[in-house]
Amino acid sequence: MAIRKERRQDGVRYQVDAYDAYGRRVRKRFRRLKEAQAFEKGLLFEAIGDTAPEAAIDDITFLELVTKFLEWCQKNRSPVTCKVYACTLEAHLVPRFGRLRLSEITPVMLERHRQQRQQTVSNLTANRDVSMVSVVYRQAIRWGHARVNPATGMEKLKEQQKPPRFFTFDEVERLLAAAEEHVHYPLILTALHTGMRKRELFDLAWTDVDFEQGVLRIQNAKNYSYRYIDLTPELNAALLTAKALHSGSHEHVFEFRGNPIRSTIDKALHKLARRAGLPPFRLHVLRHTFASHLAMEGESAYMIQMSLGHKEPRSTQRYTHLTPDSYRSSNRRLRYGRKATPERDER
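Those letters in the sequence shown? Residues 1 to 347, by our numbering.
It should be emphasised that the hints constitute simulated quantities derived from the structure, not laboratory data.
The reader is advised that the hints may include incorrect statements.
Said to hold, decoys possible - Think about it this way: if two alpha-carbon atoms lie no more than 35 Å apart in a straight line, the pair counts; the simulated DSBU-like pairs of lysine-lysine are:
| hint | residue 1 | residue 2 |
| --- | --- | --- |
| 1 | K311 | K271 |
| 2 | K5 | K243 |
| 3 | K162 | K34 |
| 4 | K34 | K311 |
| 5 | K311 | K243 |
| 6 | K243 | K162 |
| 7 | K162 | K198 |
| 8 | K198 | K83 |
Model the full structure from these sequences, guided by the hints.
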């Protein structure tokens, strides 16, 4: 096998002169040396009875891929992300595609699955199934289990973005009044004053609370980065009281009966909601409340994004309609034509 460089009237060419796996002579010209080398390499693999590296795949089943993917997630993704992935994969996708090999799953199958899901869930949830398939296939391609991602190119269904649920100022005051003597009062106040995620609240340690500087250090529950947020006077007082009453048996700020809070506190929140005359809610509603009231107070979208720990600005856009000027059109900023209109010359 050889590659020869040729100078022709229309430019330089690279000719491959070789023999294929059946002993037949093959000669082919290319404009670029890399193309010629790639072609020669393919012939070489065929000649020795092997296949090119990009053609050799370990075509496992979808269930086998999911098992491997979730094990990989445990080491490379946050616990929250792993839980969301596992829920979608194990509850909806493995029952449908688990026995099929990766090469057997087609876009038509995914579209049929999504249409069936549409009958019982929102378009947003149905789209997430396809997005989840795309995520695992991208990893499968990196691992050499697939060549093609069947979810690539599938158009998303139209999604109706629901506005976030949040409490009004009066409702927040009623909730805090109902929870003032409750064991979870410091946690509820912290959520309302910082917008922290549930996992961020549960993982908050006393080493993350700097009373001297007046700041909280929050580790992002999704990407493990840090952000800082000020201790308001109300929050500072509540945390000082919580520290004085703390059992001291662990480093976590929030506890219940001397143990760190590890799971949901929905039942306690529902009881407090009834006491305050509010509909049942989950802890994440307090995060929405924090962001919504910042927007209504005129805070910039960028500062809200930084406070919430959002990686992408689009995650914060759901709150921008609440800003004081959001209902005003931008043309009010224009300055031309503001002089008094001259009287018409009717002569």
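query = Keeping to a limit of 35 Å between CA atoms, is the pair of K34 and K311 held or broken?
reply = Given pair K34, K311 is violated - Cα atoms ~39 Å apart, limit 35 Å.
task = Measure nothing beyond the straight line between the CA atoms of K162 and K198; if it is 35 Å or shorter, mark the hint as holding.
result = holds, 21 Å
message = So if I understand the rule, the pair passes when the alpha-carbon distance is 35 Å or less; does K243 with K162 pass?
response = violated, 38 Å
query = Is the Cα-Cα distance between K198 and K83 35 Å or less?
reply = At roughly 14 Å apart (the allowed maximum being 35 Å), K83 and K198 satisfy the hint.
key: Distance restraint between K311 and K271, which requires alpha-carbon spacing of 35 Å or less   = holds, 34 Å
message = Just to be careful, I want the Cα atoms of K5 and K243 compared with a cutoff of 35 Å; is the pair within it?
response = Violated. K5 to K243 sits at ~78 Å, over the 35 Å cutoff.
ask   = For the pair supplied as a hint, K311 and K243, is the alpha-carbon distance within the 35 Å limit?
value = This hinted pair holds, its Cα atoms lying about 32 Å apart.
query = Hey, K162 versus K34, does the alpha-carbon distance stay inside 35 Å?
reply = Cα-Cα ~52 Å, so violated.
Checked against the numbered hints listed earlier, the structure breaks hints 2, 3, 4 and 6; every other hint is satisfied.
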